[in-house]
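Each protein sequence line maps, in turn, to chains A and B. Residues in the first sequence are numbered from 1 upward in steps of one, following the working numbering. Residues in the second sequence are numbered from 1 upward in steps of one, following the working numbering.
No lab work stands behind these hints, which were simulated from the structure alone. Note that this is a predicted model, so its numbers are computed, not measured. Using N, Cα and C, we set each Cβ at its ideal position, and we do this for glycine too. Any given hint could be a false lead.
What the hints assert, rightly or not - Label pairs and their in silico Cβ distance ranges:
#	chain 1	residue 1	chain 2	residue 2	range
1	B	TYR282	A	LYS110	54 to 60 Å
2	A	LYS110	B	TRP66	50 to 56 Å
3	A	ASN190	B	GLU471	55 to 61 Å
4	A	HIS162	B	LEU224	37 to 43 Å
5	A	HIS162	B	LYS359	58 to 64 Å
6	A	PHE354	B	TYR18	48 to 54 Å
7	B	TYR200	A	LYS184	53 to 59 Å
8	A	LYS53	B	TYR200	42 to 48 Å
9	A	ASN190	B	LYS320	54 to 60 Å
Claimed, not checked - Straight line, CA to CA, 30 Å or less: simulated DSS-like cross-link-like pairs of lysine-lysine:
#	chain 1	residue 1	chain 2	residue 2
10	A	LYS404	B	LYS482
11	A	LYS158	B	LYS445
12	B	LYS20	A	LYS112
13	A	LYS119	B	LYS359
14	A	LYS110	B	LYS359
15	A	LYS119	B	LYS321
16	B	LYS20	A	LYS422
17	B	LYS445	A	LYS184
18	B	LYS59	A	LYS404
The residues making up each chain are set out below.
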Amino acid sequence: MFRFLLIAMFSTALAAQVCDKSLESMPVQAGGRVKPLLVHANETIKFITGKSKFENKQALEVFCTLSLSSLGKGEALDLPIKVEHIDAKALMDMPEDSNFLLASSAINYKEKIRATLMKMKQTTPLKKELNKVWARINNYELIKNGQSWTVPLFAQDKVLWHGISDVAKDKPELKSWLEQQKAKYIEVENDSFLMELTYVKSHIFDIAMLLALLGIFATVLMKKASVGLFFGISIILVEIAGMTMRVLVSGRAPITNMYETVMFSGFGALVIALIVMIFKRDKIFLLAGLGYNVLCLFMMKFANNMLDPSISPLVPVLRDNFWLSTHVTTIILSYAALALSWILANIILVRNKFGKLSKADYRYYEQLIATSVKVGVVLLAAGIILGGVWADYSWGRFWGWDPKETWSLIVLLFYMAMLHGKYTNWVDTHRFVILSAAGFMTVMMAWFGVNYILATGLHSYGFSEGGAIFLGVFFLVQTLLIIVCGVSLKSFKSAKTNN
Amino acid sequence: MKNLNFLNKTGLCLTKGYKKIESTLGSMKFAVVIIMVFALALVYGTFMESYHGRDFANKLVYKSWWFMGLQLCMFLSILVATLNRLPVKKVLYGFYTLHAGLLILFIGSFLTYTAGIDGMLELMPNEPANNVRIEEDQFVVGYPDGQVKIFTLPTSAFGSKMYFEEPGLKIKKYLPFSKLETVWMEEDQKEADSAVYTIYNENVSEELIMSLHPESDFQSMQKLGPLSTHYMPQTLYKCFISETKSGFLVWDTEKDTCHTAEAMNYEIKSTPTNNRFMIIPYKGEYLKFFPDFSPLALTDNLDKRQDTPYRVFSKKLFEKKPNLFLFGDKTVFFHKRKGWTGREFEKNKPVKLPWMNFKLTLDSYRPDHFPAQIPTYMRPIQDQGEIIEGDIKAVLIEFYGKDYWVRSDQPLALSDGDKQVRFQIRSREVRLPYQITLDRFKMDKNPGTNDPASFESFVSLLDGRTATASEQHHVFMNNPLKYDEFTFYQSSYFQVGPDEYGSAFSVNYDPGRPIKYAGSLLLVLGSSWHFLLRRRKKRRFFEKETTIESDSGEVNV
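Can you make the complete structure from the sequences, with help from the hints?
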């Protein structure tokens, strides 16, 4: 017993010797590209356990210790596997109030999960969850078997990647050997994977968030816009730096997944807001731009369930930087402009309800909102057409009633109806503001809904997933806000006297 | 005089009527209504697409007559609204450009819709191809004399009646989306011997519907992974469980009797190469059987003979791999320890099988019915981008007084006396006047994974009209091949063998393209002009007003 303890302590000590921060820059091939070990460890441990730490150990240390157990050096840490769906918990004999099952017992349910999955023909939330749990257990086993951590070996200047358990058995000085392999990899290939380490460690979007919050306070509290403007410009610079790093890592325009589009729209909205502010000389634009920017940064930081921050290879059809950077950028910029109008509309609605807002002021702000809407509409029309041209160029079809393109057209049609309606007596100032606030729901539907609601199909419904819940809550809150602030007796009266 | 007055009046009425239509169609309110209705139709379309797939949404919404009507209304609204704002006013330049762009875009799209071709060309490796498949369903009847009749099928999303009649043949109905339902048909003849079983263990469960009836859609032999199941006539059961040294069973299909070779006193001999054989006298002939190779008699040239009533099975053949023999309410299998074992099903009691804890139950045994699969209409179900149910197209025909379903997943051949008439549902095909051959297909994968990073086709194109030698082309994503007004785009690929791929091109001919592009350009320029560049006096007015107001509070305007 004592001997066993001694060995256990000894091997843990060994792991501690190897598993320190210097490993974070080791190159690893995973998910179709080469990345630093820190990123790979963070991504996999977060995927398996839903958390980035385990027993006060950072993901990197957890990953390393578990991997080295395959070499008899680390410790076979028994990680908690995340299981959320209530039926999945029942299947794995878990109590309802626990969201985790230790890997040692989860492994015993692999057969049962597989058998259950085979019986399920249609994709239901349970099936999705079981697939995820299955992947989590597999990932855990891969790490434990020393296969998730890949190490480059070299044969005639060709890089071959092997699991660490296959190649590091007879290396007494593991760490220096790993360092050698890394140096050689940089020599043979390049060191561009290190850029990702810089990107991840810089937490650049957290800095942007801090600046944006300070900027909002400055804009609200100070009479002059100059301090807010200063913050706005510095946020733009910080975000440009962040996106540039991302571009250097991925080698493509930073607008290829939900995470990046949210990031870019926040950036774009702030830029548009500053430009419009120059013409309009009203700091409410700055406020709206900063507000939307901070919302986007919040989503990027806290909604990782829905927005995956990891960088992964693109599907072949999207690999065209020219079209990506024209079509998608235009669309996202248009969403950004419409987001500005949405924020402005909501601010005005709340002010109108709870504060003092003269009718003329109300009309003045309506004009401001209309300006953003018009910018958004022009960009959206251009973006849709660019999309058509890209589709025509890439697969010979200008328009195919695909849900994503159809929804972007629905957005355009909604705003067009609204703008045309301004020339009738159906849409007065008040209603225009309400419609601008409501219109963003169509944008959210085109942007997120097509992916999180429509793409799942009829049978995988049930608002169980992050994206669908988020959208549902958004629609609910926005509708409530419109009902509370828009449909009141006072504004009804004022609309009447207006006419 | 009166007449003239009347004419005048009707003329006035007509101009009034026209004015009325003009003012309605061209009005802003009509525009708002038609835009909103159109948008709502699109919302409906996207949800239908999500639930039921692209094909269904196209038939229900995007390619339906009422959706075309909506687009026509949009077109008219824009047209009349533009005409109403003539003669040209300088402030409206952006407006004219924008709305003219829209109108041109509509015209271009209409041209594409009516005159364009949009199809798929599938290329097998090294096989010349020129048939472009178009998403348009056709019903094809092939007569024995080589004549072919092609019927275009309705584009409705729901079942629709068809009216075609000629001697012996009626085309009655078309189901664009259906699933197969098992229906039990009554049959007095003995050959309608069918049964339903369930085979299961803790991991899987599978229903087995088996039939000996020749018209049944279910077979008498099915494979379930490594397990082969055979449905056989009752007569063979006793034979299968009889003791036999040679393992040879002789089945006389004419008399419907079965005996072991030993019971019939047939002698079993061996060739010099140790292949066992047996000879049965039949109508003055001596039939030679090599049951370890085939249950049929063989000629001297070792060709199989279908013309004798005898079948000789060698049980040895079924001992190595799992084989399950089913005889209605009885079953036989080979057990490694116990040898050939026969079991009769008892009610609700499963029979244990000797493989992977499998058990077998008899759900129903129907000696006088046979199962047929009848298409019934259903809205297709889409799951993760794939149609999982309801994707079968079916045409109901009446052929010499009897109803038959022709299905898209299997063509049908019916005999009219001694000749065969063939029926088929297929996509429309356009033949190109030149051949394209896939010489090489190249796929790169994302490192360390199996996900394709890119795929490329190297093809040769041979145009017999103009050239004798073929041209080489390299087609890949975002690099299409343009030839003779057609454009070929790398669209997808399919596996044909280990490490061998075929390539699929989408093929496109679009006469509306330049018009659409011109319209698009005008639209973008016009909207920028109209919305962003035009300076309106109003804006100044409002700005001034607020400066006054900020001092004096509320002012009634």
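Results of checking the hints against the structure:
1. Hint check: TYR282/B to LYS110/A, Cβ distance near 59 Å, so the stated range 54 to 60 Å holds.
2. Taking 50 to 56 Å as the suggested C-beta distance range, the pair LYS110/A and TRP66/B conforms, at roughly 52 Å.
3. A hinted range of 55 to 61 Å for the beta carbons of ASN190/A and GLU471/B is inconsistent with their spacing of about 39 Å.
4. For HIS162/A paired with LEU224/B, a C-beta distance near 39 Å keeps the hint of 37 to 43 Å intact.
5. The given range of 58 to 64 Å is broken by HIS162/A and LYS359/B, whose C-beta atoms sit roughly 45 Å from each other.
6. At about 52 Å, the CB distance of PHE354/A to TYR18/B agrees with the hint of 48 to 54 Å.
7. In this structure the supplied range 53 to 59 Å holds for TYR200/B paired with LYS184/A, their Cβ-Cβ distance being about 55 Å.
8. A hinted range of 42 to 48 Å holds for the C-beta pair LYS53/A and TYR200/B, which are about 45 Å apart.
9. Range check, ASN190/A to LYS320/B: Cβ separation about 56 Å, and the 54 to 60 Å hint holds.
10. For a cut-off of 30 Å, the pair hint linking LYS404/A to LYS482/B stands: about 28 Å separates their Cα positions.
11. Among the hinted pairs, LYS158/A with LYS445/B is consistent with the structure: their alpha-carbon atoms are about 16 Å apart, no more than 30 Å.
12. The straight-line distance between the Cα atoms of LYS20/B and LYS112/A is roughly 72 Å, outside the 30 Å bound, and the hint therefore fails.
13. Of the supplied pair hints, the one linking LYS119/A and LYS359/B holds, its CA atoms being roughly 17 Å apart against a limit of 30 Å.
14. Pair hint LYS110/A plus LYS359/B holds up; C-alpha atoms about 23 Å apart against a cutoff of 30 Å.
15. Restraint check: the Cα-Cα separation between LYS119/A and LYS321/B comes to about 26 Å, which is no more than 30 Å; the hinted pair holds.
16. Using a Cα cut-off of 30 Å, the hinted pair LYS20/B and LYS422/A holds, with the two alpha carbons roughly 23 Å apart.
17. In summary, the hint linking LYS445/B to LYS184/A is supported, as the alpha carbons are separated by about 24 Å, within the 30 Å threshold.
18. Of the pairs offered as hints, the one joining LYS59/B and LYS404/A holds, with about 19 Å between alpha carbons and a cut-off of 30 Å not exceeded.
When the structure is compared with the earlier hints, violations turn up for hints 3, 5, 12 and for no others.
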